[in-house]
Every structure is written in C-alpha cells, then in structure tokens.
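Asks: In my numbering, the protein residues as written are 1299 to 1598.
Do not take every clue at face value.
Straight-line Cα separation of at most 27 Å, DSS-like style, residue types lysine-lysine; simulated pairs [stated by the list, open to error]:
#, residue 1, residue 2
1, K1426, K1388
2, K1388, K1581
3, K1484, K1494
Calculated from the structure, these hints are not laboratory results.
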Amino acid sequence: MKEKKLISYEWAIAIYQGDSPFNLKPIENLRDTVLSFQDVSDIEADFVADPFMIYLQNSWFMFFEVLNSKTGLGEIGYAVSSDGFYWEYKNIILRDQIHLSYPFIFEHNNEVYMVPETRQAGEVRIYKAIHFPDKWEPVQVIIKGDYADATLVEYANKWWLFALHGTKDLHLFHSESLFGDWIPHKSNPIIENDLKSSRPAGKIISYENRLFRLAQDGYPLYGNKVRVFEILELNTKSYKEVEIESSPILTGSREGWNSVAMHHVDAHRIGDTHWIACVDGAKPDFKNLIDKPKKKKLEK
1299 MKEKKLISYE
1309 WAIAIYQGDS
1319 PFNLKPIENL
1329 RDTVLSFQDV
1339 SDIEADFVAD
1349 PFMIYLQNSW
1359 FMFFEVLNSK
1369 TGLGEIGYAV
1379 SSDGFYWEYK
1389 NIILRDQIHL
1399 SYPFIFEHNN
1409 EVYMVPETRQ
1419 AGEVRIYKAI
1429 HFPDKWEPVQ
1439 VIIKGDYADA
1449 TLVEYANKWW
1459 LFALHGTKDL
1469 HLFHSESLFG
1479 DWIPHKSNPI
1489 IENDLKSSRP
1499 AGKIISYENR
1509 LFRLAQDGYP
1519 LYGNKVRVFE
1529 ILELNTKSYK
1539 EVEIESSPIL
1549 TGSREGWNSV
1559 AMHHVDAHRI
1569 GDTHWIACVD
1579 GAKPDFKNLI
1589 DKPKKKKLEK
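Please put together the full structure from these sequences, using the hints given.
Replies: Quick look at the structure:
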C-alpha cells in the first residue's frame, strides 16, 4: 500500500535570556533545545511544550505538556535544573482521561498550586502540590465552561483569570480570593474573534511597575509567534491594553528546531537587569501513516 504523509508539529523547549522579558535570545554555547520528546523516558512521547518554571528548594523546576504517542493525550511532566540552563527530565506527574497541557504553576501562602488546561472536562481546576514536585491533587473547580490556557495574576487586592473561550475569544474573571467566587468580567469577551491576540502564551509579567499580557498569534498558522500587550486598565468595570512597540517578541526562525512556530514564554528575573525564560518552538514533523487504526492527535 502506498504510504501517506501527515504533517504535524514537533514541539521542543529551549532556554533564552536577555536584559528584559521582551528582549530574549538563545544562549551562546547552550544547545538549541534543553528538552525534547527524546528526553522523555517513562512514556513514548511525540513532543514537549507549554513550559512553566518555578524556583524552590535551591533548584529550578520546569513543568510542561508531554504528548503521549499512544493515547494522543497531553500529560504533565517535569524536569529539574540547578542553574536554569541544564535540565534533567524526571517523569510524568499528572495524567487523566482527558488532555492536559499549559501547567500554570505558582506559589500562594507557602503552598504550590497548578492550573493545567482541563478543557475537555469543561472546567478550570486548581491542583495543589501534596508532595512537591511529584504528587498533586485537585482541590477546587473555579470555573465551568469551555476554557483553555487559564492564566492567573494577583493584582490590586484581587485575583484575575484570563482564559481562551472557544478559539478566538478571551474572557476575564475576578475574585476576592483564590478560592472565592469567580465573577465574569462585565466586558467579556475582552477580546473577540481574534486569532492574533486572544490565546494566552504564558504568565502575566510584572515589569517596571507595569503589567504585560503574553498572547499567541495563531494567524496564519497555529502558534507562529508571541505578542505582548501592556495592560493599561484592569478593574471590575473595564479592561484596556495596547500592544508594545517591540511585539512580537518571538517568532518561528524558518530553520531548525523552531522553524515554523514559537507560542509560549515563561520569563523570570535573575538579578536586577537579567532575565531567563523557558520558551517552546516547533518544526514540521513528518510521520508515515500505515494502513492501521491510529488515534487522532491534537495539533498541540
């Protein structure tokens, strides 16, 4: 039988650095990617993507989506680094009967929480680290509905949550506390029918006493660049933002590991004027389709 070819994305993770979170470049003498599907040792994987980092216990920990080759579902894995540059993959720490991705991780009141995408369950869940970094359990459903890539930030004595609704709309919610009642913003959708700016691409960044939102640009190709918007107004009655002059800050390089797409950034300040970030990127992945059943895999 003549073989057919399927074109998909092979995502991988790299470490960039710069003098600001919006001026990030590859690191000289560091390999192009620090994590790929080849580093995943406990399951057969197609790619790794959506990395988030946190510094605890004198080490860096990175959590990310791992696409399981056999099930076609995303699972959450993690890696460890002593310096943020050289990483050791550990294992999968979260899997479900649904697709998991975008493991948004943060500290609050000396506890560590994660809000992975659980869109296929029709809800946004908060998980708590029962034993960091490898044991987690869900502690609360905070929003019901068709939401992806939930991104939280604490600002002006409130909690705020940005999430993609559908494929082109961005919704905003607010709450008096992390585990309080989450109220839809009066201006929802705060971004409507826009593939270029509606989908979150990492944490809200606080820089020079201002807030900035990262967004995936999905036009004309999925996840092809990361745009940055300064949040000018954020309260329960209104929301305003404007794209910064240096946006987009990351885009496909047309060659190598990130030739076709880059769609995620998690930047952290190191010292006064230095930033380190985990980013992801993709190149085309050509797979042969043999005459046998195969589960449909997600684009990312």
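Asks: Please verify whether K1484 and K1494 have alpha carbons no more than 27 Å apart.
Replies: With Cα atoms ~22 Å apart, K1484 and K1494 stay inside 27 Å; holds.
Asks: K1388 and K1581: Cα distance at most 27 Å?
Replies: The hint holds at about 24 Å.
Asks: Sort out whether K1388 lies within 27 Å of K1426, counting only the CA atoms.
Replies: Distance ~19 Å between K1426 and K1388 Cα, so the pair holds.
In this structure, every one of the numbered hints holds.
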